[in-house]
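Asks: Okay, here's what each chain looks like letter by letter:
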Amino acid sequence: MPIEITMPRLSDTMEVGTILHWHVQVGDEVSSGDLLADIETDKATMELQSFDDGLVESLTVAVGEQVDVGTLIATLLEEGAAASTESSPAPEEKHEANTQPAQKPIAGGARVSPVARRLAEEHRIDLSTVQGSGPSGRIIKRDILQLVATTSETTSAAQTTQISATEVVATSAPVSPAQPVKQVQALAPTSPWQQDRTEPLSNMRQIIAKRLVESKQTIPHYQVTMDFDMDPLIEMRKTLNEQLASASVKLSVNDFLVRCCALAMSTNPAFNASFGGDCILYHGPVNVGIAIALPEERGGGLVVATIRNADQKSLRTISQESAYLSNKARETGLAPDEMGDTTFTISNLGMFGVDNFTAIINPPNSAILAVGAAIEKPVVRGGELAVGREMSATLSLDHRVIDGAMAAMYLKTLKELIENPASLLV
Amino acid sequence: MMAVATAERVIEFRDALNEAMSEEMRKDNRVYLLGEEVAEYNGAYKVSKGMLDEFGARRVIDTPISESGFAGMAIGSAMRGLRPIVEFMSWSFSLVAADPILNNAPKMLYMSGGQFGCPIVFRGNDGAGGQLASTHSWCVESMYANVPGLKMAIPYDAYDAKGLLKTAIQDDNPVFFLESERLLSTTGHVPVEEYTIPFGQALTRRSGTDCTIISFGRPLHFCLEAADELAKEGIECEVIDGRTIRPLDIDSMVASVKKTNACVVVDQSWSFASVGSEIASQIHACCFDDLDNHVFRVHSDDVPTPYAHNLEQAYLPNSRKICEAVRQATYNA
Amino acid sequence: MMSTEFLIQTRENIDEMKDNAFQLTQAEAPGKEVLLGWLRQMLLIREFEVRTMQAYQNRLIGGFCHIYIGQEAVAVGSIAAVNPDDPIVLAYRDHGHALARGMDPKYCMAEMFGRIGGCAKGKGGSMHMFDAEHYLYGGHGIVGAQTPLGAGLAFATKYEDEVIKGGKSSHVTLCYLGDGALNQGCFYEAMNLASLQDLPVIFVLENNRYSMGTSIERGTSMAHDLRVKSEAHGIHHAIVDGKNVIDLYKDFKSIADWCREESRPFFVEAETYRYKGHSMSDPRKYRTKDEELVEESNDSIASLKNYLSEEYDVASDALKQIAQQVKAQVKQAVEWANNSPETPMNELYKDVFTDHWGPYAGTSKPEMLDEGGA
Numbered sequence: 001m002p003i004e005i006t007m008p009r010l011s012d013t014m015e016v017g018t019i020l021h022w023h024v025q026v027g028d029e030v031s032s033g034d035l036l037a038d039i040e041t042d043k044a045t046m047e048l049q050s051f052d053d054g055l056v057e058s059l060t061v062a063v064g065e066q067v068d069v070g071t072l073i074a075t076l077l078e079e080g081a082a083a084s085t086e087s088s089p090a091p092e093e094k095h096e097a098n099t100q101p102a103q104k105p106i107a108g109g110a111r112v113s114p115v116a117r118r119l120a121e122e123h124r125i126d127l128s129t130v131q132g133s134g135p136s137g138r139i140i141k142r143d144i145l146q147l148v149a150t151t152s153e154t155t156s157a158a159q160t161t162q163i164s165a166t167e168v169v170a171t172s173a174p175v176s177p178a179q180p181v182k183q184v185q186a187l188a189p190t191s192p193w194q195q196d197r198t199e200p201l202s203n204m205r206q207i208i209a210k211r212l213v214e215s216k217q218t219i220p221h222y223q224v225t226m227d228f229d230m231d232p233l234i235e236m237r238k239t240l241n242e243q244l245a246s247a248s249v250k251l252s253v254n255d256f257l258v259r260c261c262a263l264a265m266s267t268n269p270a271f272n273a274s275f276g277g278d279c280i281l282y283h284g285p286v287n288v289g290i291a292i293a294l295p296e297e298r299g300g301g302l303v304v305a306t307i308r309n310a311d312q313k314s315l316r317t318i319s320q321e322s323a324y325l326s327n328k329a330r331e332t333g334l335a336p337d338e339m340g341d342t343t344f345t346i347s348n349l350g351m352f353g354v355d356n357f358t359a360i361i362n363p364p365n366s367a368i369l370a371v372g373a374a375i376e377k378p379v380v381r382g383g384e385l386a387v388g389r390e391m392s393a394t395l396s397l398d399h400r401v402i403d404g405a406m407a408a409m410y411l412k413t414l415k416e417l418i419e420n421p422a423s424l425l426v
Numbered sequence: 001m002m003a004v005a006t007a008e009r010v011i012e013f014r015d016a017l018n019e020a021m022s023e024e025m026r027k028d029n030r031v032y033l034l035g036e037e038v039a040e041y042n043g044a045y046k047v048s049k050g051m052l053d054e055f056g057a058r059r060v061i062d063t064p065i066s067e068s069g070f071a072g073m074a075i076g077s078a079m080r081g082l083r084p085i086v087e088f089m090s091w092s093f094s095l096v097a098a099d100p101i102l103n104n105a106p107k108m109l110y111m112s113g114g115q116f117g118c119p120i121v122f123r124g125n126d127g128a129g130g131q132l133a134s135t136h137s138w139c140v141e142s143m144y145a146n147v148p149g150l151k152m153a154i155p156y157d158a159y160d161a162k163g164l165l166k167t168a169i170q171d172d173n174p175v176f177f178l179e180s181e182r183l184l185s186t187t188g189h190v191p192v193e194e195y196t197i198p199f200g201q202a203l204t205r206r207s208g209t210d211c212t213i214i215s216f217g218r219p220l221h222f223c224l225e226a227a228d229e230l231a232k233e234g235i236e237c238e239v240i241d242g243r244t245i246r247p248l249d250i251d252s253m254v255a256s257v258k259k260t261n262a263c264v265v266v267d268q269s270w271s272f273a274s275v276g277s278e279i280a281s282q283i284h285a286c287c288f289d290d291l292d293n294h295v296f297r298v299h300s301d302d303v304p305t306p307y308a309h310n311l312e313q314a315y316l317p318n319s320r321k322i323c324e325a326v327r328q329a330t331y332n333a
Numbered sequence: 001m002m003s004t005e006f007l008i009q010t011r012e013n014i015d016e017m018k019d020n021a022f023q024l025t026q027a028e029a030p031g032k033e034v035l036l037g038w039l040r041q042m043l044l045i046r047e048f049e050v051r052t053m054q055a056y057q058n059r060l061i062g063g064f065c066h067i068y069i070g071q072e073a074v075a076v077g078s079i080a081a082v083n084p085d086d087p088i089v090l091a092y093r094d095h096g097h098a099l100a101r102g103m104d105p106k107y108c109m110a111e112m113f114g115r116i117g118g119c120a121k122g123k124g125g126s127m128h129m130f131d132a133e134h135y136l137y138g139g140h141g142i143v144g145a146q147t148p149l150g151a152g153l154a155f156a157t158k159y160e161d162e163v164i165k166g167g168k169s170s171h172v173t174l175c176y177l178g179d180g181a182l183n184q185g186c187f188y189e190a191m192n193l194a195s196l197q198d199l200p201v202i203f204v205l206e207n208n209r210y211s212m213g214t215s216i217e218r219g220t221s222m223a224h225d226l227r228v229k230s231e232a233h234g235i236h237h238a239i240v241d242g243k244n245v246i247d248l249y250k251d252f253k254s255i256a257d258w259c260r261e262e263s264r265p266f267f268v269e270a271e272t273y274r275y276k277g278h279s280m281s282d283p284r285k286y287r288t289k290d291e292e293l294v295e296e297s298n299d300s301i302a303s304l305k306n307y308l309s310e311e312y313d314v315a316s317d318a319l320k321q322i323a324q325q326v327k328a329q330v331k332q333a334v335e336w337a338n339n340s341p342e343t344p345m346n347e348l349y350k351d352v353f354t355d356h357w358g359p360y361a362g363t364s365k366p367e368m369l370d371e372g373g374a
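One line per chain: the protein sequences are A, B and C, in this order. Under our numbering, the letters of the first sequence match residues 1 to 426, in that order. Under our numbering, the letters of the second sequence match residues 1 to 333, in that order. Under our numbering, the letters of the third sequence match residues 1 to 374, in that order.
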């Protein structure tokens with residue numbers, strides 16, 4: 001390969017240069033440091049020296065010609081290169097051999113038509129598993145639609161964060177074996193209700209799709225699950241609700257969890273933080289978000305309501321706010337300042353009988369707690385087998401902010417608060 | 001019933017053009033017609049038949065074979081607010097008038113800072129007539145549509161010919177109106193009642209789900225023919241008539257392509273730097289994530305128009321070429 | 001309608017035609033005040049052009065710029081011979097005609113500066129002066145392109161007067177061209193149509209003897225006898241002295257009145273000379289310094305000053321005063337132009353269509369712009 005010499009930038013503002021004189025001719029031997037040419041810049045006439053040894057192969061810019069900085073002006077042949085140029089086919093062959101494999105379609109870089117790529121995303125089909133029928137194996141719309149026509153997905157309770165329930169993410173954290181895996185079911189081809197139909201996305205569905213895809217694709221998620229003994233908390237809740245019934249206080253388990261999570265956040269600041277690209281942003285206020293599923297008649301979907309400064313609020317206040325926001329979200333919708341600014345989110349499907357699940361982080365949070373139902377199960381207490389109420393909760397975490405041990409610490413704090421609920425009152 | 005009778009009135013394409021001009025000339029005496037053989041000869045293609053008798057030699061004006069001169073003269077008169085209709089016997093002959101029609105008419109308003117507009121219609125036969133060979137078979141749309149400041153309409157049938165030409169005459173800007181010699185004798189429904197067709201609004205001439213075919217003017221007939229053929233193979237095409245090239249109703253075209261995910265553009269001019277390539281580019285930009293394949297184009301072949309009948313037929317866009325393009329675009333080749 | 005038997009080829013022939021009642025009438029010579037007004041106009045044009053050159057060299061004016069110095073009498077005398085609402089259209093050496101027609105020099109200068117205060121909002125520049133208020137239908141940049149437009153303007157006035165108003169044609173259009181346009185085909189198409197359609201248009205040839213660097217003898221056949229150019233179309237031809245504004249006016253007045261009355265075209269050749277180059281970048285290597293000195297010694301402005309001194313005893317102080325007033329006026333025009341704001345960016349997209357379609361953005365339907373949008 002000849003050495004290419006281009007018009008150098010010889011001043012800070014130089015954009016073009018003119019060759020005033022060539023000090024060499026084609027065929028001359030030059031050594032590093034030899035004068036090659038005089039070049040007129042926008043400021044002055046400058047000397048161009050050779051950085052290499054070799055034979056001048058060509059001068060591509062004539063004297064008096066003005067060219068842009070970076071333009072090829074001459075080529076040098078390296079010493080001994082003259083012989084190798086005659087046998088130049090060898091490197092070319094090598095070059096071809098290098099590029100050929102790259103041209104073959106491989107799974108990761110499979111050719112996919114744009115609409116097929118979009119449809120695959122919508123139907124959560126892994127393109128690497130699809131055999132393309134188009135030219136050069138291009139995956140086309142038809143290939144995706146055929147796959148969709150022969151499979152269907154179980155989408156129970158899809159209006160809430162169960163979007164994530166169908167996704168099992170490889171992670172070091174324990175995942176319950178009961179986690180539902182994508183279920184595939186052949187469609188009976190004749191039933192009219194099973195015919196395909198499309199519905200345009202509502203604004204909310206578009207936002208959910210966009211934000212959660214973004215979250216799932218950009219945040220390195222992992223999950224950590226812990227079981228909690230709920231007996232003390234449920235007992236205390238029962239007592240409080242009985243004693244305060246006349247004051248219209250009706251605390252939910254979730255209200256306790258909001259306070260527990262908030263208090264645990266104030267002692268584990270990484271849980272009240274966001275990943276900021278080149279920094280970690282630790283938030284001042286502790287704002288806990290509550291995922292609220294919206295009723296079908298309001299178009300479905302979900303919103304996250306904000307309990308601001310939850311670590312500084314009493315159970316009673318949290319309860320009042322939470323009830324107010326839930327009702328308002330379901331009936332008329334929330335105002336912008338009633339959602340957003342969250343620093344942590346709780347998604348609770350316990351009321352639907354779900355025992356555990358994982359959730360997708362609600363950006364810019366760095367964690368979300370997926371809460372299952374408190375259910376009676378055989379437990380060992382003090383060495384004795386007994387019936388106790390236990391709740392399983394799974395944290396999804398942004399590994400860029402929170403490492404596994406920190407997650408464990410947080411869950412430990414949470415466990416202490418939940419299992420010793422008197423501390424929540426004082 | 002009268003309503004039924006009028007609704008079913010069927011006239012020739014050329015008579016629709018004549019009606020559009022005559023109606024506008026009756027309404028507005030600033031409108032006049034000039035061109036070669038438009039008056040005493042009644043029009044080389046009989047489009048202006050009878051107009052000399054009705055409007056007289058002052059308003060229906062025979063010109064010598066002098067396109068540069070009479071086009072320029074008409075533009076000068078339009079600068080003062082007259083509304084000339086310039087008939088080019090063929091758009092092929094407009095090339096000798098390139099300076100006035102491209103350098104003056106579309107730029108006058110801009111160059112004069114809005115002081116002098118140019119309300120003028122240039123109209124005539126565009127495209128291959130039938131074995132007229134290269135000099136007389138120009139499709140000027142791609143070359144002329146490049147110029148800002150002009151509008152361009154291409155009617156598909158008699159109904160559109162009248163409605164679009166009336167809009168053209170009423171427009172305050174230069175309008176290039178491209179007719180087809182091969183369509184002049186075709187007949188179609190044209191109501192007695194006055195109507196106009198707005199510019200910049202495409203029409204779906206056939207609905208379908210598998211591939212969008214976009215075209216203008218005469219080639220639309222081949223597109224519809226191809227769509228019938230393809231339907232037998234189970235490929236349902238949506239055929240969009242753009243109606244005007246400038247302004248271009250890209251929104252309607254995009255909406256259709258988003259539905260079908262495949263697109264073929266049929267443009268009777270040559271392919272290089274053409275209306276077809278422009279539309280393809282816009283579709284690619286607007287529908288990138290909706291395309292199952294790149295946009296296919298059907299044009300006249302990239303050679304001068306041949307004389308020999310068989311060569312000319314092979315050269316022009318036709319149903320066979322369109323079918324092939326659609327099959328390829330939909331991976332059915 | 002017109003016989004072609006009577007062809008004019010020299011000033012003597014014009015005088016003969018004036019003696020003949022069938023043909024041209026003898027126009028009255030203008031009085032002192034009118035002549036002082038013309039002097040002021042000619043001085044204004046010259047001073048304006050000097051300052052134009054200066055501004056160009058200071059890079060305040062861009063593009064092509066053509067200077068009218070030397071030819072002032074043609075614009076002033078011919079425009080004085082027609083009515084203020086008679087249309088005018090011309091080529092690109094157009095500053096002088098714009099000023100002679102009444103355009104305020106500040107608008108003319110601002111146009112060349114490319115500012116919003118320009119007569120075409122800075123969209124046309126030196127070669128494209130348009131002024132609807134003064135019936136100036138533009139300078140036009142393509143050689144000869146204005147000649148069919150001139151025929152069209154005459155067609156329009158005739159159509160308006162006769163077809164729309166139902167009266168008699170009562171306007172005459174002045175369509176100027178340089179000797180370079182003599183070799184453009186569209187000029188002959190324009191003359192042919194003007195003759196066929198009996199259009200009241202005067203094709204005013206400003207023969208300054210050079211089309212850019214090519215002398216008329218080198219570029220035009222029959223350069224010694226240009227009457228044949230119009231004779232072929234049955235259009236009368238006359239030669240007028242482009243250096244003598246009084247004679248030029250009288251001849252033009254006679255011709256314009258005849259064209260108006262008869263609704264016929266005319267071809268008038270004004271012999272003149274441009275003192276400066278074709279454009280600002282012209283080194284004038286194609287002609288001798290001696291030739292230029294001879295031409296400049298017969299200067300229309302100097303002649304008119306002499307005439308005013310000798311015939312009307314106008315004092316040299318009074319003439320100087322006019323010159324000073326004109327200088328001040330042009331200075332103000334340059335300042336005004338320089339202070340005029342740059343043409344705003346939104347003008348880029350205006351005036352493409354009357355209904356504000358556009359511009360065409362490449363991937364979308366043109367946006368309907370706000371201002372005046374339909």
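You may find that some hints are simply not true.
As the list claims (entries may be wrong) - Pairs of lysine to aspartate or glutamate, EDC-like flavour, derived with a Cα cap of 16 Å:
id: 1; chain 1: A; residue 1: K415; chain 2: A; residue 2: E199
id: 2; chain 1: B; residue 1: K259; chain 2: A; residue 2: E199
id: 3; chain 1: B; residue 1: K49; chain 2: B; residue 2: E37
id: 4; chain 1: C; residue 1: K168; chain 2: C; residue 2: D198
id: 5; chain 1: B; residue 1: K258; chain 2: A; residue 2: D403
id: 6; chain 1: B; residue 1: K27; chain 2: B; residue 2: D251
id: 7; chain 1: C; residue 1: K165; chain 2: B; residue 2: D28
id: 8; chain 1: C; residue 1: K276; chain 2: C; residue 2: E47
id: 9; chain 1: A; residue 1: K377; chain 2: A; residue 2: D355
By construction, these hints were calculated from the structure, which means they are not laboratory data.
Asks: Each hint: holds or not?
Replies: Each hint tested on the structure:
With a C-alpha separation of about 44 Å, the suggested pairing of K415 of chain A with E199 of chain A is violated against the 16 Å cut-off. Between K259 of chain B and E199 of chain A the alpha-carbon distance is near 13 Å, which keeps this suggested pair within the 16 Å criterion. A threshold of 16 Å between alpha carbons decides the hint, and for K49 of chain B with E37 of chain B the separation of about 10 Å falls inside it, so the pair holds. For the hint pairing K168 of chain C with D198 of chain C, the CA-to-CA distance comes to about 13 Å; that is within 16 Å, so the pair holds.
Only pairs whose Cα atoms come within 16 Å are accepted, and K258 of chain B paired with D403 of chain A is rejected, the gap being roughly 44 Å. Using a Cα cut-off of 16 Å, the hinted pair K27 of chain B and D251 of chain B is violated, with the two alpha carbons roughly 34 Å apart. Distance hint between K165 of chain C and D28 of chain B is fulfilled; the C-alpha atoms sit about 13 Å from each other, no more than 16 Å. Between the alpha carbons of K276 of chain C and E47 of chain C the distance comes to roughly 14 Å, so the proposed pair stays at or under 16 Å and holds.
Of the supplied pair hints, the one linking K377 of chain A and D355 of chain A holds, its CA atoms being roughly 11 Å apart against a limit of 16 Å.
Figure legend: structure checked against the earlier numbered hints; hints not met, in rising order: 1, 5 and 6.
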